[in-house]
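Undergrad: For the sequence shown, the working numbering begins at 312 and goes up steadily by one.
Ranges of calculated distance between the beta carbons of each label pair, as one might list FRET restraints:
{"hint": "1", "residue 1": "R393", "residue 2": "E439", "range": "33 to 39 Å"}
{"hint": "2", "residue 1": "R368", "residue 2": "P332", "range": "24 to 30 Å"}
{"hint": "3", "residue 1": "S618", "residue 2": "E442", "range": "44 to 50 Å"}
{"hint": "4", "residue 1": "R611", "residue 2": "H482", "range": "43 to 49 Å"}
{"hint": "5", "residue 1": "T446", "residue 2": "V610", "range": "53 to 59 Å"}
{"hint": "6", "residue 1": "A601", "residue 2": "G344", "range": "17 to 23 Å"}
{"hint": "7", "residue 1": "R397", "residue 2": "I359", "range": "18 to 24 Å"}
{"hint": "8", "residue 1": "R604", "residue 2": "A563", "range": "32 to 38 Å"}
{"hint": "9", "residue 1": "Q390", "residue 2": "L343", "range": "21 to 27 Å"}
Hint data in this document are derived by calculation from the structure and do not stem from the laboratory.
Glycine included, C-beta positions come from ideal geometry on N, C-alpha and C.
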Amino acid sequence: MGRQPDLSEHEKLFRDLLPAPVADAYLELVDLGQAAWAENDEIGQELITRQLAYLHRFQGVETLRPVDPLIATTGLLTQVQRELSRQQDRIVQGYVAAAELHHRRQLHDRQASEIPSLLAQLLTDRDEITERWMTSIHTVQCTYRSIAVHDPDQTAPILPSPLASACDSMHFRELCTPEFLADPRGAEAVRAAVAAGVEVRTVHSLPARLLIVDDHFALVGLVPTGMSGALLVRSAVLIAALTQYYDQLWAAATPVVLSGTERSTPGPNQLAATEREVLSLLVHGLKDEAIARHLGLSVRTIRRHISTVMELVGAPTRFAAGAAAQRLGLLG
Numbered sequence: 312m313g314r315q316p317d318l319s320e321h322e323k324l325f326r327d328l329l330p331a332p333v334a335d336a337y338l339e340l341v342d343l344g345q346a347a348w349a350e351n352d353e354i355g356q357e358l359i360t361r362q363l364a365y366l367h368r369f370q371g372v373e374t375l376r377p378v379d380p381l382i383a384t385t386g387l388l389t390q391v392q393r394e395l396s397r398q399q400d401r402i403v404q405g406y407v408a409a410a411e412l413h414h415r416r417q418l419h420d421r422q423a424s425e426i427p428s429l430l431a432q433l434l435t436d437r438d439e440i441t442e443r444w445m446t447s448i449h450t451v452q453c454t455y456r457s458i459a460v461h462d463p464d465q466t467a468p469i470l471p472s473p474l475a476s477a478c479d480s481m482h483f484r485e486l487c488t489p490e491f492l493a494d495p496r497g498a499e500a501v502r503a504a505v506a507a508g509v510e511v512r513t514v515h516s517l518p519a520r521l522l523i524v525d526d527h528f529a530l531v532g533l534v535p536t537g538m539s540g541a542l543l544v545r546s547a548v549l550i551a552a553l554t555q556y557y558d559q560l561w562a563a564a565t566p567v568v569l570s571g572t573e574r575s576t577p578g579p580n581q582l583a584a585t586e587r588e589v590l591s592l593l594v595h596g597l598k599d600e601a602i603a604r605h606l607g608l609s610v611r612t613i614r615r616h617i618s619t620v621m622e623l624v625g626a627p628t629r630f631a632a633g634a635a636a637q638r639l640g641l642l643g
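All chains should be modelled from the sequences, with the hints used to inform the complete structure.
TA: In structure tokens form, the structure reads like this:
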């Protein structure tokens with residue numbers, strides 16, 4: 312069980328995503344290849360439940376065998392992404408409920424205007440919402456976190472400008488989807504933001520527009536684009552929760568690195584059909600030789616395709632390329 316020194320990348324990832332006893336058991340099972348199975352083996356049952364292992368029956372004997380690490384990692388990352396989406400849904404529902412409660416209290420409290428600071432304020436006036444999105448940049452003291460969602464009617468830039476004079480001493484972060492980058496207006500806005508010093512990363516799916524300004528306030532879109540309804544949050548507790556959620560998304564996102572006027576973040580259409588097939592088989596744990604046999608190509612050709620995919624997604628290893636492709640939705 313003493314596996315802390317010289318951990319491989321996949322070992323580090325499993326330890327980050329799993330409770331320590333489960334991670335230890337899975338990594339040990341990978342080393343052994345199989346282990347005896349007992350009905351009262353709680354950790355073994357946990358591995359099966361998490362789809363990290365399966366029971367193999369042969370001549371009446373049951374053994375526990377590990378799922379391939381690449382497939383297991385892809386499954387774990389998918390579970391994390393789903394949980395993040397569920398958390399976001401719960402947060403948005405909570406904001407809607409808080410806004411409705413505040414609205415009802417205002418209707419019954421004629422002195423509501425005397426309240427010096429509202430913890431949550433529902434905004435429905437389109438001009439006011441637009442002004443909030445666009446002027447929020449001017450109150451930043453330390454960190455600006457923002458989510459932009461794809462909007463075919465979008466005319467506003469990804470971030471308000473100018474930014475260049477502020478980015479040396481402040482941190483500006485922006486999350487967007489590959490679809491946002493695929494839109495010419497979105498790509499232009501991202502180029503301007505990156506040139507001004509903004510860190511931009513992509514996430515395969517983002518539910519709603521969001522910005523968090525330090526611990527000062529947050530603005531949450533109650534519809535994806537955030538233009539017909541938004542919640543202005545000043546509660547420190549809610550802002551802390553939003554910040555934690557954002558940072559989880561950020562840690563799993565893919566950085567956008569621009570070269571000249573071209574972006575290097577991949578989209579599904581940047582993969583050739585053969586590269587997509589190779590990547591699909593790679594994600595399912597097949598080795599180079601098996602992929603070559605399956606597609607009727609030489610091993611050298613398969614390795615060339617894998618190198619192309621690794622370069623496209625900016626991954627240092629085959630393992631990382633498979634995980635990045637799954638996260639970016641490159642397999643369709």
